[in-house]
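Number of protein chains: 2
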Amino acid sequence: MKRERAEKELEITLERAEEALSARKNLMLNSVVQGSTFPDLRGKCAEIIGKMDFEVYPIGAVVPLLENYKYKDVVDIVMASVANLPPSRPRHLMGAGHPMVFALAVAMGCDLFDSAAYILYAQDDRLMMPTGTYKLKDLSEMPCSCEICNNYTPDDLKGMKKEQRIKLLAQHNLNISFAEIRKIKQAIIDGNLLELVEQRCRAHPYLLDALRNLKNYTELLEEYDPEYKNSAFFYSGPESLNRPEIFRHQKRIKRLPQKERVLLLPSFKKPYSKTIKNILTNFGREKEHNLENLGNFYKINDETENRNENDSNDSLQIAVVDVPFGIIPLEIDEVYPLAQNEAPSSMDEDSKKFVRDAIQEYIENFKEVIISEDIIKKFDLSVDLENFDINNLKLNFDDKEKIKYIADYQFGGGAGKALFYGDIHIVKSRKTGKIRHVYDKNELIATLRASDGIFVLSLCGAKRLHDHLEYPKNRVVVNSDAEPFAREGKSIFAKFVIDIDINIRANEEVLIVNENDDLLAFGKSILNSREIKDFKIGQAVKTRKGGK
Amino acid sequence: MKRERAEKELEITLERAEEALSARKNLMLNSVVQGSTFPDLRGKCAEIIGKMDFEVYPIGAVVPLLENYKYKDVVDIVMASVANLPPSRPRHLMGAGHPMVFALAVAMGCDLFDSAAYILYAQDDRLMMPTGTYKLKDLSEMPCSCEICNNYTPDDLKGMKKEQRIKLLAQHNLNISFAEIRKIKQAIIDGNLLELVEQRCRAHPYLLDALRNLKNYTELLEEYDPEYKNSAFFYSGPESLNRPEIFRHQKRIKRLPQKERVLLLPSFKKPYSKTIKNILTNFGREKEHNLENLGNFYKINDETENRNENDSNDSLQIAVVDVPFGIIPLEIDEVYPLAQNEAPSSMDEDSKKFVRDAIQEYIENFKEVIISEDIIKKFDLSVDLENFDINNLKLNFDDKEKIKYIADYQFGGGAGKALFYGDIHIVKSRKTGKIRHVYDKNELIATLRASDGIFVLSLCGAKRLHDHLEYPKNRVVVNSDAEPFAREGKSIFAKFVIDIDINIRANEEVLIVNENDDLLAFGKSILNSREIKDFKIGQAVKTRKGGK
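Note that the protein sequences, when read in sequence, are chains A and B.
To convert, count from 1 in the first sequence and add 180; that's the working numbering.
To convert, count from 1 in the second sequence and add 180; that's the working numbering.
Be aware that one or more of the hints could be misleading.
Since the list gives no way to pick one copy over another, a pair counts as held whenever it fits inside one copy or between any two copies.
Keeping only pairs whose Cα atoms sit at most 30 Å apart, straight-line, the calculated DSSO-like set for lysine-lysine is [said to hold, decoys possible]:
{"id": "1", "residue 1": "457", "residue 2": "621"}
{"id": "2", "residue 1": "224", "residue 2": "532"}
{"id": "3", "residue 1": "365", "residue 2": "608"}
{"id": "4", "residue 1": "252", "residue 2": "409"}
{"id": "5", "residue 1": "205", "residue 2": "608"}
{"id": "6", "residue 1": "188", "residue 2": "597"}
Simulated from the structure, these hints should not be mistaken for lab results.
Quick caveat: nothing in here was measured; it's all calculated off a predicted structure.
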């Protein structure tokens with residue numbers, strides 16, 4: 181469709197939306213996002229109708245694109261639409277009824293699909309699969325685990341009367357569609373929906389194109405991506421480099437304290453810090469750190485800057501370089517997902533380039549860069565080098581610094597200093613040797629959760645963070661109706677929230693305050709800030725005990 | 181296991197293999213390929229026991245590797261084993277009972293799996309999926325389409341008595357295992373098993389490592405890869421660059437006639453030649469070729485060689501550059517899979533590098549290289565360029581040359597000249613405009629199959645090829661018992677084959693001869709040469725009609 185016509189039709193859509201609203205009585209209404217293949221028109225339409233009071237927002241006119249495998253364009257259209265629709269209302273991807281697009285569509289923010297495909301495909305003797313479509317005539321084997329595929333052969337079906345065959349094929353198509361929906365729900369719970377999408381999008385090169393196109397929407401996807409998950413991050417190919425977790429990490433390492441010198445180490449078995457300490461002491465056989473165990477090192481010779489040679493060791497940042505997260509400062513190597521991720525040992529070229537770029541960007545801010553020979557070789561780094569004797573360094577692993585880094589990474593720059601002052605006392609797990617609790621004398625400030633390495637605040641910690649972080653940072657602001665409930669430690673419902681830090685994601689540790697910014701309680705966000713603002717039902721924050 | 185111990189145990193295995201054979205009566209026997217994690221020992225073991233008369237060859241001692249997700253090592257072990265085992269005997273991958281490895285194992289040449297996993301996993305409250313394992317306790321939704329997953333919720337199962345639950349989970353595990361086996365069988369028939377493997381290997385980064393490791397065995401995999409398939413080649417990621425089809429193409433373009441100059445064009449909609457002709461004539465609106473429609477061009481300035489500027493246009497090779505096949509000389513652009521493939525429009529870095537390397541290698545043999553600006557930009561080509569006025573060229577699209585190129589590509593260098601001499605007359609399809617038949621006057625030499633663009637010989641064509649190609653090229657040699665059947669056009673059974681061109685793959689056009697190299701018939705190979713030599717049962721060649 182040409183733009184002019186798309187614009188005209190969009191106007192009609194908007195007119196009718198208003199008409200429909202004025203004519204509604206007790207009807208539930210939907211209003212369709214239109215705008216053809218023009219993302220800006222889709223966005224405009226979504227924004228306008230999104231502010232009106234409809235129950236469901238279908239995204240229309242994608243059938244011709246789906247039929248022509250133009251999944252890449254579908255991504256542009258859907259993302260432009262959902263970015264401007266209210267997150268509390270379901271979105272129906274009109275005409276999408278094939279399970280091969282369900283996971284991708286859900287990852288983009290669609291909730292409803294068409295229900296006619298299963299029977300239309302059956303009438304055409306076609307079997308839907310999450311990996312594509314089979315024509316019955318081409319099948320020698322039934323391709324799925326469902327009751328129909330288990331009990332009939334393709335020849336059985338081919339030999340049947342059409343009516344009976346359609347019934348059975350429709351049943352298969354329904355079985356596989358519902359199974360895919362269940363699998364998607366489970367993936368959302370497990371926090372690995374994008375991994376399912378990455379698997380599904382291998383079914384056709386044009387789906388892979390769509391997946392690759394998602395990289396243009398990482399920022400929006402990151403907003404809806406919970407901060408901490410039950411499942412590890414699995415790398416499945418270059419497209420995994422565009423996942424929200426990696427984007428988030430790249431942003432967050434900028435929150436950490438800046439030192440003058442950096443030592444870049446190659447990757448070791450995770451958690452890196454533990455392995456590195458082991459290697460330095462020949463796996464515990466020596467007391468002194470033997471730096472030569474880490475391999476050969478060079479200093480990067482950057483003639484554009486006059487590096488100061490007299491810096492003390494106290495100002496040395498140690499960081500590991502690895503795929504896919506790039507630079508991992510050693511202090512935060514156990515924070516999710518930096519320890520909870522797996523990538524293949526054999527690298528693809530995109531990973532190599534991605535990490536090389538990450539190194540280049542990271543080292544810009546240091547006066548002196550000492551780098552492992554392994555890294556230079558592995559990532560084809562072309563930098564001017566001079567020999568460096570690693571024994572000149574003294575490595576410090578300071579737990580008090582580590583907890584501050586983790587807090588900065590988790591809550592924002594300066595949070596570490598704000599939380600951990602006074603007579604800091606760190607309690608470690610006897611079994612694992614990991615940091616468990618941080619006290620100021622006898623008062624608990626925060627507990628480091630073993631599963632994902634992030635801090636869960638105590639009341640003292642919440643108070644300190646509240647004192648330090650400027651409004652509205654990390655705040656969920658509730659109205660006076662909700663204040664007594666919040667003070668009692670009851671969960672916060674979305675409808676009582678009157679303001680919120682827009683940077684809050686799901687599963688984050690947040691502060692609950694009233695309009696005067698008095699700290700009422702603290703807890704874990706269940707939704708992100710956009711959702712909390714928009715939802716009129718359901719919980720927004722699960723309040724932690726000990727908040728009274 | 182240390183090498184010394186592995187060597188000792190291997191000796192015991194070999195001793196016992198001989199003992200077992202001497203003690204056998206009517207028993208069917210298997211002999212296990214051992215050799216721990218040392219591929220050379222595995223290869224040696226397989227070679228020795230492979231020459232003995234066992235019915236099944238299990239590949240042993242992989243369980244610890246599978247349990248530790250060391251799939252990459254499993255690839256090395258299995259490939260070293262199967263490379264040396266007789267292709268006619270089934271191979272059992274001992275201890276492999278999880279459907280997530282079935283597709284990979286089958287692609288490597290394994291035929292049998294363990295049958296205990298389904299119940300062992302069930303007893304442990306675990307659900308097997310081709311994409312991994314779910315613990316029942318972690319499930320909120322049943323993840324598959326089977327009868328159990330359709331009729332019960334995780335809570336139903338959790339609430340049952342253990343005995344009943346195990347029974348149902350075992351049923352699910354069986355359903356999913358058999359479905360995966362059926363899916364693999366269908367993929368073999370469709371010719372896209374490696375695509376299924378590429379999908380499955382996204383389930384875990386260590387499986388992806390294993391998939392990437394397959395690139396070290398492309399040569400062997402290519403031998404067992406049928407030449408022509410029903411399905412298109414779908415690119416699913418950088419690992420697809422290691423597929424046999426691409427390796428084969430890289431080898432085969434070396435068979436084509438070498439010209440002095442080359443014009444490298446960017447990719448267009450497939451088939452390229454048709455689109456390019458359309459573009460040159462402004463989609464049919466002009467008769468003359470307007471070369472400017474193809475974009476800007478440069479000449480590569482290679483100072484190391486003194487290119488001859490006076491070459492005639494007759495010696496100009498036109499080729500398209502595309503992902504993933506690299507260089508596609510325009511004459512063969514409709515031969516499978518050069519037209520029958522799809523890749524995403526957005527390129528990964530591995531594809532870029534692969535094609536860049538292919539260009540560099542290809543242009544080495546030309547005195548003059550004219551290259552599209554699009555190609556230089558798209559593939560980051562760093563070459564010394566000088567402006568080139570494309571209007572100085574005259575493009576010829578010569579069908580008589582085209583058919584020779586196709587024959588060379590298909591049968592080997594020089595086949596085109598051998599087949600297509602005399603009063604060559606080309607008949608095209610009225611509907612599609614594609615070449616269909618090639619005659620010498622009234623005698624049919626060959627037919628170009630529309631589905632995959634390869635030549636099917638007539639008797640005349642077979643005779644010409646037989647005259648031209650030196651023994652044993654393209655031959656399947658049958659013994660005197662089979663000679664009369666072959667002459668009658670009956671299919672050739674493997675047990676009658678006494679010699680064969682080792683380069684023959686499945687689905688290839690072959691010549692059937694007797695010991696004196698008299699042409700008896702011609703047809704299509706059903707197996708590859710190794711298989712035909714080894715099998716004592718079943719068909720080897722399907723003879724074509726018209727061979728008498």
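Tested hints:
1. 457 to 621: within (28 Å within a copy, 82 Å between copies)
2. 224 to 532: The answer is neither: 39 Å in one copy and 37 Å across copies each exceed 30 Å.
3. 365 to 608: The answer is neither: 37 Å in one copy and 54 Å across copies each exceed 30 Å.
4. 252 to 409: Both: 28 Å inside a copy, 28 Å across copies.
5. 205 to 608: Answer is neither; intra-copy 63 Å and inter-copy 66 Å both fail.
6. 188 to 597: neither (57 Å within a copy, 62 Å between copies)
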